[in-house]
Amino acid sequence: MPHRLLKFGFSDHHPEPRMFREVSQLKPEYDAVIIGGGGHGLAAAYYLGKDHGISNVAVLEQGYLGGGGTGRNTAIVRSNYLTPEGARFYQASVELFQDLSRELDYNLFYSERGHFTLAHSPASLRTQRWRAEVNQHLGIDSQVVYPDFIQSQIPQIDLTCGGHQPPIHGALFHPPGAIARHDAVAWAYARGADRYGAEIHQQTAVTDIEVRDGAVIGVHTDRGYIKTRKVLSAVAGWTTHITKMVGLTTPLVIYPLQAMVTEPLKPWLNHIVVSASLHVYVSQSSRGELVAGASLDPYELISSRSTLDFAESMSGHLIDLFPCLPQVNVLRQWAGMCDMTPDFSPIMGLTPISGFYLDSGWGTWGFKATPISGKTMAFTLANNRDHDLIKAFNLSRFERCELVGEKGAASVGH
Amino acid sequence: MTSRLPPQPGEWIDREQPLDFQFEGVSYQGYTGDVLSSALWANGVHVLGRSFKYHRPRGIYSLANHDANALVSVGSRTNLRADCLPLEAGLQASAVNTLGSASRDYLAIMDRFSRFLPVGFYYKAFHTPRRLFPFYEKQMRKVAGLGKIDPQYREGPTGKQYDFCDLLIVGAGPAGLSAAVDAGERGLRVILVDENPHPGGSFTWQWQRNAEAQERYKKLLDRLHALENIDLRPGTIAGGVYSDYWVALFDQHRLTKLRASAVLIASGCFEQPAVFQNNDAPGIMLGSAAQRLIHRYAVQPFTRGVILGANSDAYRLASDLAANGIDVTALCDLRPEGEPSTAHAQVEATGIPVYRGFTIYQAETRRRGKQLAGVIACPLDRKGEPQPQAGLTLPCDGVAVSVGWAPDGGLLYQAGARFQYKTEVEQFVPNSLPAGLFAAGRVNGIFSWPDQCRDGLRAAREAAVYLGQPGVTELDSVTHQGPSPSHPYPIFSHPGKHNFVDFDEDIHLADFKNAHQEGYDNIELVKRFTTVGMGPSQGKLSNMNAIRILARHNRATIQATGTTTSRPFQHPVPLGHLAGRRFHPLRRTPLDAWHRQAGGQMAHAGSWLRPEYYGPADQRDQSILSEANQVRQTVGLIDVSTLGKLQITGPDAAEFLERIYTGRFHKQPTERLRYGLACDETGTVLEDGVIARLADDHFYVTATSGGSGAFYRELLRWRQIFQLNVQISNLTGQLAAINLAGPESRNVLKDLTSIDVAGDAFPYLGVRRGTVAGVAATLMRVGFVGELGYEIHVPASSALHVWEVLADAGRPFGLKPFGVETQRLLRLEKGHLIVGHDTDALTHPAEADLNWAIAKNKPFFVGSRSLEILQQRPLTRQLVGFRLADADVTPFPKECHLIFDGDTIVGRVTSIARYSTLKHPLGMAFVQPRLASPGSQLHIRTAPGKSVVGEVCSLPFYDPENLRQQ
Ligand SMILES: Cc1cc2nc3c(=O)[nH]c(=O)nc-3n(C[C@H](O)[C@H](O)[C@H](O)COP(=O)(O)OP(=O)(O)OC[C@H]3O[C@@H](n4cnc5c(N)ncnc54)[C@H](O)[C@@H]3O)c2cc1C
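Respectively, the protein sequence lines represent chains A and B.
In this text, residue positions in the first sequence follow my numbering: the first is 493, and each later residue adds one.
In this text, residue positions in the second sequence follow my numbering: the first is 478, and each later residue adds one.
Take the hints with a grain of salt, since some may be wrong.
What the hints assert, rightly or not - Here are some of the chain A residues that sit facing chain B, going by a computed Cβ distance under 8 Å:
hint, residue
1, Arg594
2, Pro667
3, Pro668
4, Cys893
5, Leu895
Source of the hints: derived by calculation from the structure; they are not laboratory data.
Note that the Cβ used here is the ideal one computed from N, Cα and C, for glycine as well.
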């Protein structure tokens, strides 16, 4: 037993302080206001303080910390993306994640499981090879593997998919692929941001943004008006509401994404397994639950309702891959909203409105980017110029038609 | 020792049918109708399982599947709930998650360490040093988790069922039965589900000794059984309610998907635990569980018991227990004022001492917590705090807890109901229901059975009005009378920290205080940090107490504290039921059998199966090359039935095509083909094919095999948006297509067709309709493989006939069938790209040298605006052809290998062929424009540190003057 737990056994009172201060009043003015208390907003607040010494910052969250996508995702972290811009960016995030529990002194259960993206056709094996080649060139551990290897790593998998589906020809294997405790990421960043001076206000919704002469001058909230010259929108699935407030047009569209979890089982699945053709991915949490998801719902919708169709098709595909599972029970299903971009890459950085910064377009893949987006957005706010790692993701790329195509690497794999 | 009672009226067991079964390797006897828990209890087995974290012994608590104390494995199946697992002859069960057995679990040591494992302990340790975390995680994963899966387990698919009804009623207790009978007698089609094997709900345990109630129960059942339009489904769980009353019903065998016009929820309440030290010891159970044991299974819950109560249910329970020969040593009533109803006098009359304003402070156990020895009861002060110094010890082997209820409201929440906390009943009750949704009975805050029946009627009438029934007399709403059935705070602190709030997760009271202290002060954060309600029973017994505790810490009302979001499923449901029998479309062309007979190597191509080539698998390269040579030299035949075949008709057909494709179609002559290239809105190449004009308002369009399904949907979408007068028919499955290609193809065809196939009469890019082998056919002169060729489209039913006639006619010319791989080689030689293979998710036409296919000065087509922008910009890559000198280099480059200039990625191989009819390896690649001119050297990385040099050459490789296909 680690000695850190001893104090709990031997002290009369619970020897832990509040994770962040309870600030009852909003100040009239902040140097920066961050909209959204998800992982991204909280990480940005943390790095603003840590890297740039900007501490007069408010994070405004309409609900509770991590209640958006951060608390709903299936927590897959990986960097085996297709474009050099994407792979480099996510790799930087993975590197931050690997040391994040130590840095924030909070066990995020960052667990490197190894990530398989299965290929059910020569065509998808081709795309996997493309990714592997780009990844290797950038020093990312990623390779194409063949059925024997997959079977040896995941003995329970049925490579023939029960004969119902095209058989598995191979996979992209990414050993550093990981899962983490998503809520903990938000909490730990919140605590860290607080220590650098940022204020965290839950139950505080931004209702409008004041723009004068093309520059932000303040935000309206349901608890009053705040002056500020820098606003970061880090609201993922809510971004279209915020951009409407400042009159900005983006190609973002909102789609629901669903997931489900089974009852806990003793550990049997060590890896993260993704099949894009079967629209399913699954991992086993450290509590023993199977956490599984699929691709987006097939229609635009601003809602986080669950559907039976999802539960049915996902279960079917899961059993196609793992025929021993039919008797395993599903505990719960849920959904979240995803802000999708046409090229499956995020929209980050400066905007045509001075002082208004976007951290959006996180679709189904934004959890893994939490540390790096926080860090690069903090840089961007502090210096009023896009960080090098996110230049390719600026909103203006759509006007120039310079898309960063990640569809092949992000559509089901998240 | 057996504690089976003499026969009880209405008992669910069949004493004529005893059964032998085993638990943890020991044999016992029970009856048909027992559940595993009741049978074990009857045999004196009180440790049915171990808790998740501290491995504390656990027994029956709700006997209603509201807790997860008793999870067992039976053969390959695991995490089964003993509380609702029907006993079967020869059943062999064992508890999950023990090291040893339920009665002797070596992991019980965890309980000793519990004070070192505070709430969220795993967030606070094990992460430094970093390299040790994988080790710790491995250990933690091992102790976490419940049952073990059997990797060999297999199960055939279970079917699914669809159903419809006017009114779905969930819960067949007093309210649900009354509602069902009323609605049924009005002629509505009613489905009444209840998760129990018998209808009756609380009639079958709470009101068994009430003659009037039993009389009503019987009458309701008689009326119900007399009605054919009521479909009673016991043993059925309503798992989730989705949009528009789409309801998932689960029974032992299958999922039924039900569309109900209206839904009435009469699901009742979960009786709630009291929180005191060791409140989880075996022998401590809910009052309702004790009554279920007695009345359903005729099992004595204990011999000598204490009741902890806070409502009139507790008093009726006391009388009920006493009447069944149980020595009730005390009734501790949390309320200082006690029970105002007549139930009190009845209890006093039996001589049971009643302690008002008392709680149980702690339970005492022996045999390492496996057996209850007694309780310490003590008075509460005015603030409700226990005063242990004034405690008294009450020996007992059982405790029945009846302190309150929480609504089983999950389905109501899912269907859009809003709840409000009502202090009259200290319960959340629905206060706003969407149209078509109704609630009645205990879930609605109604607690006496006659009132529940009335509330059921009221709701049924409202439903009937909603469903448009004439002449319905509506009833006033029923309200609860008398003291609250639930105590506002049946929760008592104790320094011993074994006063559990959540049994699934072993979370005790101080955990909430500590979580709150750390700032987890919102109900959702509390849930996520402490994991309350996240266990297998999803908080049925813990969420309400958690809300009460948090409200206190926050000094807020319960209403303001709120609830967590309810999500499906009501109870955990098997993946297999959800999956059901799957529909896996696999498409075979009409010539499938012929290909197999001819030695075709069949492979998946999207949802189709197609021959890649003909011949043994170990002669792949030779076979492909010999098929290719045959096409080049004489003639070959390929089945291209998988091509998308769309018919576009109507006055606006040409206009529609002009908007979809990049080319021009208004002036396309009839009997002529044009190449069609379609982009998406970002200007990315989406599809290509040929477009045949058969008449002014009639086009016939082909699309790629892989993309045509999505393309067809996209066309339908655009038609909606454009509002043009066109019809789009997808003829892909209806028609077969055969491509006859090679210099001799005209000679093979000429005597078989009604069409004049002479060069001038039927030129390249012409389309003709006539007959082939006596069958009506559409013929197109295309040259995908670069030879003289005819694509022959015929009804699928005639495909085999036409194919065989062609094959026979071709025999003198050495005709061979050829497969998809051969076709790929031939088109590559001819420099034709395949969309989706040589193009990717961002390829725009200029990059693929397809600008020629874009009509100038067209006002609009999908993607035109993006292309305008893109055309202004310098190209960043170009699709080129390249050749390799040597087919024997190893490793030989593969498709999607990258091309480098030093350390920079400058391109990617999209297609490659090692052997070709041109005698050297060739391929296509995307490269930076500066490398696109013939003669440039391409360094293709084939393995770490290895590369192969290719040389860019102009396309096409084969027949650059296009003489052969003319
Ligand atoms: C089912 C599912 C599975 C997923 N799986 C993965 C995965 O495996 N890997 C991965 O990398 N990504 C995954 N994602 C995507 C990922 O969850 C998101 O991209 C990511 O969480 C976005 O984080 P965020 O901090 O930007 O936004 P969020 O966590 O959504 O936070 C935004 C916050 O802004 C708040 N807000 C909104 N409007 C306002 C306002 N006006 N005022 C104040 N506050 C406001 C919201 O309440 C919310 O808390 C998944 C998503 C879903 C739904």
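Going through the hints against the structure:
1. Arg594: Constraint on arginine 594/A satisfied, holds at 6 Å.
2. Pro667: 13 Å, violated
3. Pro668: 13 Å, violated
4. Cys893: 5 Å, holds
5. Leu895: Leucine 895/A check passes; min Cβ-Cβ to chain B is 6 Å, inside 8 Å.
This entry does not satisfy hints 2 and 3, going by the numbered hints stated previously.
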